Amino acid sequence: MDATIIGAWVATGLTLFIFSFLYKDNPLFKLAENLYVGVSVGYTIVKTYDTVIVHLIWKPIVENQEWTLLIPVAIGLLMLTRYVPKAAWLSRYAFAFIVGVGAGLAIPRTVSSFILKQIEDTIRPLLMLVPGEGVTFSWNLMNPASSVNVIIVLIGVSSVLFYFFFSVEHKGPGKMVARTGVMFLMIAFGAAFGYTVMARMSLLIGRLTDLIEYSDPSYGRPTLWLALVTIGTLIALSLRSRSEPPEEG
Amino acid sequence: MRSLAAALLAERRVSARRGWEGENRELFEHPVEMNVVMGPMISNRGRRWDLFRLVIFIYACLAGLVPSLGWAEGMLLRPANVQAFDTPNDGGESLTVNWAPGPLDSPDARYQVLLGDAGATDAASLKVIAEFPAQTRLVKDLKGPWWTRTAERNWHQFVIRNGKGVALKDGTAYTVTVAVLKGEERMVGPLLQAAPTPNWFNWNLVNNLVLTLIFGGVVFFSIAQAKRRDIFLRRIPGLDAVDEAIGRATELGKPILYLTGAHDMSDPSTIAAAVILGRVAKKTAAYETELLVPHRDPITMAVCQEITKQAYLEAGKPDLFKEDSNFFITSDQFSYTAAVDGIMLRKQPAANFFMGSYFAEALLLTETGASTGAIQIAGTDSDHQLPFFVTTCDYTLIGEELYAASAYLSREPVQLGTLRGQDIGKAMILSVIAIGILLATLGVATQAAWPQYFLDFFKDVK
Numbered sequence: 001m002d003a004t005i006i007g008a009w010v011a012t013g014l015t016l017f018i019f020s021f022l023y024k025d026n027p028l029f030k031l032a033e034n035l036y037v038g039v040s041v042g043y044t045i046v047k048t049y050d051t052v053i054v055h056l057i058w059k060p061i062v063e064n065q066e067w068t069l070l071i072p073v074a075i076g077l078l079m080l081t082r083y084v085p086k087a088a089w090l091s092r093y094a095f096a097f098i099v100g101v102g103a104g105l106a107i108p109r110t111v112s113s114f115i116l117k118q119i120e121d122t123i124r125p126l127l128m129l130v131p132g133e134g135v136t137f138s139w140n141l142m143n144p145a146s147s148v149n150v151i152i153v154l155i156g157v158s159s160v161l162f163y164f165f166f167s168v169e170h171k172g173p174g175k176m177v178a179r180t181g182v183m184f185l186m187i188a189f190g191a192a193f194g195y196t197v198m199a200r201m202s203l204l205i206g207r208l209t210d211l212i213e214y215s216d217p218s219y220g221r222p223t224l225w226l227a228l229v230t231i232g233t234l235i236a237l238s239l240r241s242r243s244e245p246p247e248e249g
Numbered sequence: 250m251r252s253l254a255a256a257l258l259a260e261r262r263v264s265a266r267r268g269w270e271g272e273n274r275e276l277f278e279h280p281v282e283m284n285v286v287m288g289p290m291i292s293n294r295g296r297r298w299d300l301f302r303l304v305i306f307i308y309a310c311l312a313g314l315v316p317s318l319g320w321a322e323g324m325l326l327r328p329a330n331v332q333a334f335d336t337p338n339d340g341g342e343s344l345t346v347n348w349a350p351g352p353l354d355s356p357d358a359r360y361q362v363l364l365g366d367a368g369a370t371d372a373a374s375l376k377v378i379a380e381f382p383a384q385t386r387l388v389k390d391l392k393g394p395w396w397t398r399t400a401e402r403n404w405h406q407f408v409i410r411n412g413k414g415v416a417l418k419d420g421t422a423y424t425v426t427v428a429v430l431k432g433e434e435r436m437v438g439p440l441l442q443a444a445p446t447p448n449w450f451n452w453n454l455v456n457n458l459v460l461t462l463i464f465g466g467v468v469f470f471s472i473a474q475a476k477r478r479d480i481f482l483r484r485i486p487g488l489d490a491v492d493e494a495i496g497r498a499t500e501l502g503k504p505i506l507y508l509t510g511a512h513d514m515s516d517p518s519t520i521a522a523a524v525i526l527g528r529v530a531k532k533t534a535a536y537e538t539e540l541l542v543p544h545r546d547p548i549t550m551a552v553c554q555e556i557t558k559q560a561y562l563e564a565g566k567p568d569l570f571k572e573d574s575n576f577f578i579t580s581d582q583f584s585y586t587a588a589v590d591g592i593m594l595r596k597q598p599a600a601n602f603f604m605g606s607y608f609a610e611a612l613l614l615t616e617t618g619a620s621t622g623a624i625q626i627a628g629t630d631s632d633h634q635l636p637f638f639v640t641t642c643d644y645t646l647i648g649e650e651l652y653a654a655s656a657y658l659s660r661e662p663v664q665l666g667t668l669r670g671q672d673i674g675k676a677m678i679l680s681v682i683a684i685g686i687l688l689a690t691l692g693v694a695t696q697a698a699w700p701q702y703f704l705d706f707f708k709d710v711k
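Taken in sequence, the protein lines are chains F and X. First residue of the first sequence: 1, per this note's numbering; consecutive thereafter. First residue of the second sequence: 250, per this note's numbering; consecutive thereafter.
Worth flagging that the hints you see were computed from the coordinates, not collected in a lab. Quick caveat, the model's predicted, so the values are computed rather than measured. Note that CB positions come from ideal geometry on N, CA and C, so glycine has one too. Treat the hints with caution; some may be incorrect.
[To be verified] With the Cβ distance kept under 7 angstroms, some of the chain X side facing chain F (calculated, not the full set):
1) 580
2) 584
3) 587
4) 591
5) 633
6) 649
7) 653
8) 668
9) 682
10) 694
11) 697
12) 707
[Unchecked claim] Far from chain X by the CB rule (all over 12 angstroms, computed), these chain F residues:
13) 59
14) 70
15) 173
16) 209
17) 210
18) 220
19) 231
Looking at chain X on its own, in the form it has when it is part of the complex (with noise of 0.2 angstroms):
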């Protein structure tokens, strides 16, 4: 009885794959066929049971029993239409693989992805690299957006990257296939040969460029609406402050204590620090107080020297200007806390800035400036830093803040166009989530996806 049933089971492979290739001949690929499974099942039954199972499978189909008796359901096909190439939209090094979904794709069944050198014919000196359950890897499950999309949205798709026993060199041709499991039976795919390439342009970033476009056109307008009419700035409590701290200071007789932040140039929170600087480098310049600017990053201090210079120089006091006003301590992160605490303890500067950005010190340094007494102004980006500053200093500009600070204290028609344009971004943005959020809900109310080629675009797609 068991033998009977192996031998209706083999005869029904035999028969729903060769249908299966039919149905699907002019898009299948299959460069190198690999029927590595089924004809030893079959040759291996001898003469007897190829009668007998014929017979029985004859008769079972004009009696209309195998849809009934859902052997079509049992069937263990190979992957069709398997499609490799090199993945788009990357830095190389690594391939993708397609199939179409199975008629069998069941969570029982797995699916093996192979590979191995070019030229291989034999797919058994080809090397799993991964394996797993015949519903996953599914396109539609994946983060890529519609415009990059390489196969339909129901397809499997595995991308093959480097590691793990894997190294994939650019240029180099590989050889790829996909291997269905279901029990002890495995089918493994056509051999498809590809090689992986860098690209110049990573089209899933094209919404990034579209909205840099959007933003920086807004931003460009806004300027030049600044430069015909005044704009409205609202009153931000922290910067009113810093001409209070430096007024301040100059009546003590004690100096400033400015920080640029734990970051590089690369920094924006870096560069929006540098540029308050030297609004306040003028202002001391003016009043004629110290100003002490330790560094962490010596381009940084560079760069903050030439700032400050200017500041001087535009403040008609280039005489006073301090070559050694900017100086570096340590790029080491507690050491120079130590070493600024010391500085606070010692010189007493009657106003502490704490522009940029800050990690674990941002706590250290605050603490010890309130304890000397010191009016203090932080501005940072650093979230998770903000609320100790909130806490420790007398005024904070929270995020964003700190990059409208320069346009407020320069009330240059350039920094407040670009203030205005970030405005109009933000209201853009607050628009964009408001029909996201409508169709995201008529999507899901309706079972629909065209709600989806519009939500796609506002993904962070790398």
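With the rest of the complex left out, here is chain F (with noise of 0.2 angstroms):
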């Protein structure tokens, strides 16, 4: 058989299996997380020891000679020492490695994009210079640099800066603030959902247009036949579950 064909059973079979979860949990949902989970763990472990065992470490070191790469060995090493009771405090040297390097190296990059990108990026004249106009004010909605946006920028980072303030208590005026940040907040998650969801649909269609091409008597209409077991293995399973008596608790 052409493994074309197999592969087209196998994707429609576990796509249905996984879909029938919007039913509810059954034996053919846990068949193919299963399935999934196991192919990903072991995939995981293989492409693991080639990128890190082979090409980052036996490579550079026995064929290149590069004994440096011992150091981060060793530390790596040390994480093993978990499973030896009398020595498992050495993996916290490890542990405090990578959490102080992952520190070290997420400081600088947040104060980089979190604090002077978007500072770079709020800071904008409120006038403009037009050729021919001289310095204006600009009422142009769409127009992301005009004067008008400039201005509902500040206004929005001001006051959802203002709302992540936690040791000002937000009553008076501060809650005014405090609340147009949360409508600003709103309004961002808002349109994010929106575009989000859309491109959650294209990954539907995906899968739909799949099951469709596999309906193809070319694949032996396995969106047909696995459809058919998956709804038929589903009613089965509810009348069998009618039939037992409730579990007790």
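Since each chain comes alone in its own frame, lean on the hints to assemble the complex.
Here is the structure:
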């Protein structure tokens, strides 16, 4: 049998089994779930072995004599001391190293991306220099750099930033500013929600397109047959659960 | 007539070039003279024409016709004050070329950057690696701050980097130059040598360092203050619900599910999630409630195991600690999601915590959790997933509230002081934004360049 046809049957079956979760948890979903987890773990192990052990450790050290790599290898091996209770304390050095390096890398990146970049993009002149017109105040909402949009962004940034003041109580005028900040946040969340939902729809369309394609006779109509198997199994399981006495407790 | 015009133009070029070089003799770098264009142009003319154009030119000069006819504006000069050197503040494998603006920089003129092996003496052996209009690639258009600028704002600058046929190696010298083109004419600048080298420090980021030190100082000061006196912390509804959720799970005799997100321990949100896990684990130990913490990252799992163990010790219940309460599923995004969804349906946890960083799996997880009737509390700085948490969870810690959570839960002076320090930092940022907008507006209104000296300090320059 052609590998493409086998692939079509497997893909269709697993897609339908996963979709069966929309009805309720059932053995078909469990089968797909366990298969999915097992395959991904197996793939990760092989990929990690090839990427880390072979290409990052074995080849550079043994073939290229890059002996300095033994230092990170030793730090990595310290983690395995967790399995020896008397030496388990050594693993904390490895964790301390990882957390320390992680924080050290994250701090400048955070200052750069979340402070400087935001400040840079917020600081815009309230007046615009238009060739031929000179310095003007622009009311054009469609231009992101217009004066009126600079003011909107300024109000949004200031109020949202104020909302995240934790040592100041939000009452009086502060409450109004914080509520304005929440409004800006919710508007942003609404826009992001709509945008992401549309992206998810495209994923669903991708799966349905595959199911439609695999209903073709050239593949042996796996969509049709496996849909019947899935629906039949769900009906059988439902009837069986009805006939069984409910669990105590 | 056409020949006459060409002859006049050629003479004009020669004179203008001589004048330009003379004016800039002290500044000009020309290790190898490359008069590749002008020589043949002149030598190919006949003596008769030489004499004729000389007479015409002298006549034109005497009559003051050169400026009035605009001839000086059309002359092609070779690029002046060309400088080639290792790009400062980088990781190597890059060269920078600066050159002064030419008097004829116009939309129809173009510059070429040429690169070749060290020791090349002929411009023809160099490879053209970039070509662009003469009025572009100005220093003022680049993002670099004033303290690392290597040329005047109106000078041209081009950075040669690896890629598209360019393969620079650190420590190897290369020949670099610039040529200017206008129509069919081309003038090549002096051939210069430069070798790329990596630098230890990136001085572009000195503002980053200063801000980090200032914020760090403010945080240390606030911690010292917090140790001396109480610091007010406003109520965060999502955090009040943590105790409620643990209590509910205890009453129902059901487990608590805690997720630490998709990232590893290098991500601040994962660190915050691990810290909050410590507080949650301490409560579950005290109430003897089962805790389930499935992981996507093995190192995060190992760190969280240690944190959970420590929490059970602190709660005085080390015997209740289970090594497998933290367990690894898989690092694959959606198979992990499928497995956690299965756990939610089969174990029916009474409370689900989603802390840390999340991606597309967020909605799949919280939808399933909501269908089981569990109390759900999320906390993430993944702004693109926040809408899903807000719509499907009972409480959501938005962005920095996640980082504030551990301080709020622990009430430890160090963490409270840190939070207070962050608030002061935010107040400073608001002040900078207000002053910056004022200065930027003044800069536009008065056409002054000085506000940029302040604004550059708050630029994100890598």
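Results of checking the hints against the structure:
Below 7 angstroms, beta-carbon pairs count as interface contacts, and residue 580/X has one with chain F at about 5 angstroms; its hint therefore holds. Interface hint at residue 584/X: satisfied, since its Cβ lies 4 angstroms from the closest Cβ of chain F, which is below the 7 angstroms cut-off. Look at residue 587/X: its Cβ gets to within about 4 angstroms of chain F, closer than 7 angstroms, so that hint holds up. Checking residue 591/X against chain F by beta carbon gives a least distance of about 5 angstroms; that is within 7 angstroms, so the hint holds.
Below 7 angstroms, beta-carbon pairs count as interface contacts, and residue 633/X has one with chain F at about 6 angstroms; its hint therefore holds. The closest approach between the C-beta of residue 649/X and any C-beta of chain F is roughly 5 angstroms, which is under the 7 angstroms cut-off, so the hint is satisfied. The beta carbon of residue 653/X is positioned within 7 angstroms of a beta carbon in chain F (closest approach about 5 angstroms), and the interface hint is therefore held. For the restraint placing residue 668/X at the interface with chain F, the shortest Cβ-Cβ distance is roughly 5 angstroms, inside the 7 angstroms limit, so the hint holds.
With its C-beta approaching chain F no nearer than about 5 angstroms, residue 682/X sits inside the 7 angstroms limit, and its interface hint holds. The beta carbon of residue 694/X comes within 5 angstroms of a beta carbon in chain F, closer than 7 angstroms, and the hint placing it at the interface holds. With a cut of 7 angstroms, the hint placing residue 697/X at the interface with chain F is violated, because the nearest CB-to-CB distance is about 12 angstroms. Because the smallest distance between the Cβ of residue 707/X and any Cβ of chain F comes to about 5 angstroms, under 7 angstroms, the interface hint for this residue holds.
Against the 12 angstroms criterion, residue 59/F stays outside the reach of chain X, whose nearest CB is about 22 angstroms from its own CB. Separation of residue 70/F from chain X is adequate, the least Cβ-Cβ distance of about 20 angstroms exceeding the 12 angstroms criterion. No Cβ of chain X comes within 12 angstroms of the Cβ of residue 173/F; the nearest lies about 15 angstroms off, and the non-interface call holds. With a closest Cβ-Cβ approach of about 19 angstroms to chain X, residue 209/F is found to remain outside the 12 angstroms limit, as its non-interface label requires.
Non-interface call for residue 210/F relative to chain X: holds, since the shortest CB-CB distance, roughly 16 angstroms, exceeds 12 angstroms. Interface exclusion of residue 220/F from chain X stands, the closest Cβ pair being 27 angstroms apart, more than 12 angstroms. The Cβ of residue 231/F sits about 20 angstroms from the closest Cβ of chain X, beyond the 12 angstroms cut-off, so the non-interface label holds.
Of the hints listed earlier, the one the structure fails to meet is number 11.
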